[in-house]
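> So the sequence lines, in the order shown, correspond to chains A and B.
Everything in the first sequence is counted per this note's numbering, starting at 22 for the first residue and increasing by one.
Everything in the second sequence is counted per this note's numbering, starting at 22 for the first residue and increasing by one.
Calculated directly from the structure, the hints in this document are not laboratory data.
Given the structure is predicted, the values throughout are model-derived calculations rather than measurements.
From the three backbone atoms N, C-alpha and C, an ideal C-beta is built for every residue, glycine too.
Hints may contain errors.
Footprint (simulated), chain B over chain A, 3 or more residues, beta carbon under 8 Å [to be verified]: (1) 94–108; (2) 128–138; (3) 188–199; (4) 242–253; (5) 265–273.
Looking from chain A toward chain B, a few residues come up when the C-beta cut is under 8 Å (computed) [to be verified]: (6) A32; (7) A40; (8) T149; (9) H162; (10) L166.
2 protein chains.
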Amino acid sequence: MMANAVFAGRARVDAVSLANRGLQYGDGLFETMRVDRGGVPLWPRHLARLRDGARRLGIAMPESGFLDAQVAAFAHGVEGGVLKLVLTRGDGGRGYAPPVDAVPVWSLSLHPLPAPMPRALRLHDCTTRLAIQPALAGLKHCNRLEQVLARAEVERAGCDEGLVRDMDGAPVCATAANLLLHVDGRWTTPRLDRCGVAGVLRGWLLEAGLVQEAPVARNALEAAEALALCNAVRGILPVASLEARAFAPHPAMDDLQERLAMAFPMYANAGCGA
Amino acid sequence: MMANAVFAGRARVDAVSLANRGLQYGDGLFETMRVDRGGVPLWPRHLARLRDGARRLGIAMPESGFLDAQVAAFAHGVEGGVLKLVLTRGDGGRGYAPPVDAVPVWSLSLHPLPAPMPRALRLHDCTTRLAIQPALAGLKHCNRLEQVLARAEVERAGCDEGLVRDMDGAPVCATAANLLLHVDGRWTTPRLDRCGVAGVLRGWLLEAGLVQEAPVARNALEAAEALALCNAVRGILPVASLEARAFAPHPAMDDLQERLAMAFPMYANAGCGA
Chain A
22 MMANAVFAGR ARVDAVSLAN RGLQYGDGLF ETMRVDRGGV PLWPRHLARL
72 RDGARRLGIA MPESGFLDAQ VAAFAHGVEG GVLKLVLTRG DGGRGYAPPV
122 DAVPVWSLSL HPLPAPMPRA LRLHDCTTRL AIQPALAGLK HCNRLEQVLA
172 RAEVERAGCD EGLVRDMDGA PVCATAANLL LHVDGRWTTP RLDRCGVAGV
222 LRGWLLEAGL VQEAPVARNA LEAAEALALC NAVRGILPVA SLEARAFAPH
272 PAMDDLQERL AMAFPMYANA GCGA
Chain B
22 MMANAVFAGR ARVDAVSLAN RGLQYGDGLF ETMRVDRGGV PLWPRHLARL
72 RDGARRLGIA MPESGFLDAQ VAAFAHGVEG GVLKLVLTRG DGGRGYAPPV
122 DAVPVWSLSL HPLPAPMPRA LRLHDCTTRL AIQPALAGLK HCNRLEQVLA
172 RAEVERAGCD EGLVRDMDGA PVCATAANLL LHVDGRWTTP RLDRCGVAGV
222 LRGWLLEAGL VQEAPVARNA LEAAEALALC NAVRGILPVA SLEARAFAPH
272 PAMDDLQERL AMAFPMYANA GCGA
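Chain A with its partners taken away, still in its complex shape (with noise of 0.2 Å):
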């Protein structure tokens, strides 16, 4: 970690309490920005989704302006790197009962590029399967425990991300990243009405129209021609197999990429930063 603050609404505060929401019951939302010469490029979207996440939730926002101002001060001058946003409802006594006119904790922390990813990533296909509940699905909260198994599950395999599943086989998306299938001459990515985190990233290609929605059957990857992962973090990284199944190098994949770099050149190079 390169910095980092916490705040309860605009007061600095020392360090999160013992009865911090967030650590008691992931009562939190999150957000994961690439930093780029000096800005923060995909804020508005971030804000965006951290807003909608927090009606949702009923957790009260940290005024906009100051969080704007303590955002890109923290981008400042900073060339490449990931800055993460930690909001949580704030302290509560014992019990689920959120507490009324709670102060919201937030935290921001600066952290570098990660390393390189391969250029073409072998994906495990995860056993641990995604819940379905519609009460949050799409959003960056705080409850977690799904994603750290899977990834527990891909560290274990020895390959670089997880294809992770729902409750019903369907694909849905990796352990970090969402998921992209090029089927029938066309990017798609699947709905995430019922679970999975509606990446900042996807929602740009969303309305790019690069990347269409469309519901994703359990064998809807047999169908597939390519497959990539996308994230705020590293943008498009193409998928090179899946357990046994390889996929060969595509040139809707170096379009897509082309297209997403001309956008946000930090997205060049795979976004490794490297």
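Starting from the structure of chain A, add chain B where the hints point.
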């Protein structure tokens, strides 16, 4: 909070770090224990559940004798109270992969006994459902947003507690207690292999032969002559109503409460401590 302490392994530390995985991902477990006359009567059962959860999630346990000694020290001299233990995987970098050899960070906090509940509870029928996730079912882990949302519903409804159903509509538990149904002359409790927390007091009632596990269908409550909730803080709490359905006092309720109070006198008076 009457007292608290945070430990990293055996070392007392000042505070929980921002890098703590409990805070970042809810990557932890907890126990909420009744303190009575300087001890924790159900400690062996709490410890067994904690160990089981730690094994399933791959979280290191604090050294056993040290943990026992700290729990005993917190309970020493306390006539009545609630002791909460939170065990997190420890600190990590960015990313879901569980760090190898992480030192577990855990805390103890002592709280006063909660305010007495009414003699019989009014239950709200929560619209928040529990997702079906066998990999986490039964554990008292720190991913508790479903309980937070369900409890917020209870508050809005002005009720005492809430009936929580699984995604298929089958009754499972309350927001912070297990569910007991008196049907066909015996007490039963829903199985918890798909969702829900395997309560420590529920475990005792099962082993004592006072309650039996059974599959509970969507409409099972219609046939129930009595409902009760149970947890390790309050004991057995009779249910007066579920939405419009009222439950008359039932002799099996008094019998169950008396048997429990015989084994654990702290649960006399519906465990209110009053």
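> Count the residues of the stretch 94–108 of chain A with a beta-carbon closer than 8 Å to any beta-carbon of chain B: does the count reach three?
That given contact holds, which follows from 3 residues of the stretch 94–108 of chain A lying within Cβ reach (below 8 Å) of chain B.
> Quick check: the stretch 188–199 of chain A, covered by chain B? Criterion 3+ residues, Cβ under 8 Å.
holds (count 3)
> Do at least three Cβ atoms from the stretch 242–253 of chain A come closer than 8 Å to Cβ atoms of chain B?
violated (count 0)
> Would you settle whether the hint for H162 of chain A is holds or violated, based on the nearest Cβ-Cβ distance to chain B being less than 8 Å?
holds, 6 Å
> How does the stretch 128–138 of chain A fare against chain B when you require at least three residues with a CB closer than 8 Å, holds or violated?
holds (count 4)
> Take the stretch 265–273 of chain A, compare each residue's beta carbon with every beta carbon of chain B, and decide whether three or more fall closer than 8 Å.
violated (count 0)
> Are A32 of chain A and chain B close enough, Cβ to Cβ, to be under 8 Å, as the hint says?
violated, 16 Å
> Please check whether L166 of chain A passes as an interface residue: C-beta within 8 Å of a C-beta belonging to chain B.
It holds, given that the least Cβ distance between L166 of chain A and chain B is near 5 Å, below 8 Å.
> Does the interface hint hold: is T149 of chain A within less than 8 Å of chain B, judged Cβ to Cβ?
Interface hint status for T149 of chain A: holds (6 Å vs cutoff 8 Å).
> Holds or violated: is the Cβ of A40 of chain A closer than 8 Å to a Cβ in chain B?
Since the shortest Cβ distance to chain B is 7 Å, the answer is holds.
Consistency note: the structure conflicts with the earlier hints numbered 4, 5 and 6.
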